[in-house]
Amino acid sequence: GQQLNQSPQSMFIQEGEDVSMNCTSSSIFNTWLWYKQDPGEGPVLLIALYKAGELTSNGRLTAQFGITRKDSFLNISASIPSDVGIYFCAGQDGNFGNEKLTFGTGTRLTIIP
Amino acid sequence: NAGVMQNPRHLVRRRGQEARLRCSPMKGHSHVYWYRQLPEEGLKFMVYLQKENIIDESGMPKERFSAEFPKEGPSILRIQQVVRGDSAAYFCASSPRLNQPQHFGDGTRLSIL
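Heads up: the sequence lines are chains A and B, in that order. So the first sequence is numbered by my numbering: it starts at 1 and just counts up by one. So the second sequence is numbered by my numbering: it starts at 1001 and just counts up by one.
Warning: the hint list may mix true and false statements.
Claimed, not checked - The list that follows gives simulated cross-link-like pairs (lysine-lysine, BS3-like), each with its CA atoms no further than 30 Å apart:
(1) K51(A) x K1027(B)
(2) K1062(B) x K1051(B)
(3) K36(A) x K1051(B)
(4) K70(A) x K36(A)
(5) K36(A) x K51(A)
(6) K1062(B) x K1044(B)
(7) K1027(B) x K36(A)
(8) K1071(B) x K1027(B)
(9) K70(A) x K51(A)
(10) K1044(B) x K70(A)
(11) K1044(B) x K36(A)
(12) K1051(B) x K1027(B)
(13) K1044(B) x K1071(B)
(14) K1044(B) x K1027(B)
(15) K1044(B) x K51(A)
(16) K1051(B) x K1071(B)
As the list claims (entries may be wrong) - To be clear about the criterion: a stretch of chain B counts as covered by chain A if any three or more of its residues have a C-beta under 8 Å from a C-beta of chain A, and this derived list gives those stretches:
(17) 1041 to 1050
(18) 1053 to 1063
(19) 1094 to 1103
Since the hints were made in silico from the structure, they are not lab data. We put the beta carbon where it would ideally sit given N, CA and C, even for glycine.
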């Protein structure tokens, strides 16, 4: 099955730095979502985007739905220790009952002391 | 306000045995989705169900795997005659209706001896 390409695969940053990651697809999606997963837990929804070009914020997180509908970006400002984890993008078609999520390969965020 | 509940959290089976994974969706959610995650990978869609109906099973292996979401009770993912390759984390998600974000449980980690 298809997987979305996420980059970078991993990031090592210092506390307080800003973070940017992106996700690209060969096909169009009508909804983009960003999740964070901690070890041993399920993905937790961070942001949902429903419209091409949409820019949405959730606290220090900002995500954008690419205008071509084939990509999305997530930015984290002023990173803190609890931001450590794996971030996944997911695309959803949503037409004709096609509700399944197609996930990216993940970006692992590590904060260097 | 309970989230998606999955049990057991960990399940160990010997090759050839059956595995039953349970998922209770969030209150008010009638759409259930099952995903599988291998280590260091993103989640892969398996099946989408509404009460008493399988809507999309395009990600489910044709043999040994089945899923149900009865009128009463949790959704069940059943794996018959398990093999080593079935070892993975299995996540359930739910949503209240179409085109709404999916919220995930903490998964069942299946290990095959």
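So, going through the hints one by one against the coordinates:
{"no.": "1", "hint": "K51(A) x K1027(B)", "result": "holds, 28 Å"}
{"no.": "2", "hint": "K1062(B) x K1051(B)", "result": "holds, 21 Å"}
{"no.": "3", "hint": "K36(A) x K1051(B)", "result": "holds, 28 Å"}
{"no.": "4", "hint": "K70(A) x K36(A)", "result": "holds, 20 Å"}
{"no.": "5", "hint": "K36(A) x K51(A)", "result": "holds, 21 Å"}
{"no.": "6", "hint": "K1062(B) x K1044(B)", "result": "holds, 15 Å"}
{"no.": "7", "hint": "K1027(B) x K36(A)", "result": "holds, 22 Å"}
{"no.": "8", "hint": "K1071(B) x K1027(B)", "result": "holds, 14 Å"}
{"no.": "9", "hint": "K70(A) x K51(A)", "result": "holds, 12 Å"}
{"no.": "10", "hint": "K1044(B) x K70(A)", "result": "holds, 19 Å"}
{"no.": "11", "hint": "K1044(B) x K36(A)", "result": "holds, 16 Å"}
{"no.": "12", "hint": "K1051(B) x K1027(B)", "result": "holds, 13 Å"}
{"no.": "13", "hint": "K1044(B) x K1071(B)", "result": "holds, 26 Å"}
{"no.": "14", "hint": "K1044(B) x K1027(B)", "result": "holds, 24 Å"}
{"no.": "15", "hint": "K1044(B) x K51(A)", "result": "holds, 24 Å"}
{"no.": "16", "hint": "K1051(B) x K1071(B)", "result": "holds, 6 Å"}
{"no.": "17", "hint": "1041 to 1050", "result": "holds (count 6)"}
{"no.": "18", "hint": "1053 to 1063", "result": "holds (count 4)"}
{"no.": "19", "hint": "1094 to 1103", "result": "holds (count 6)"}
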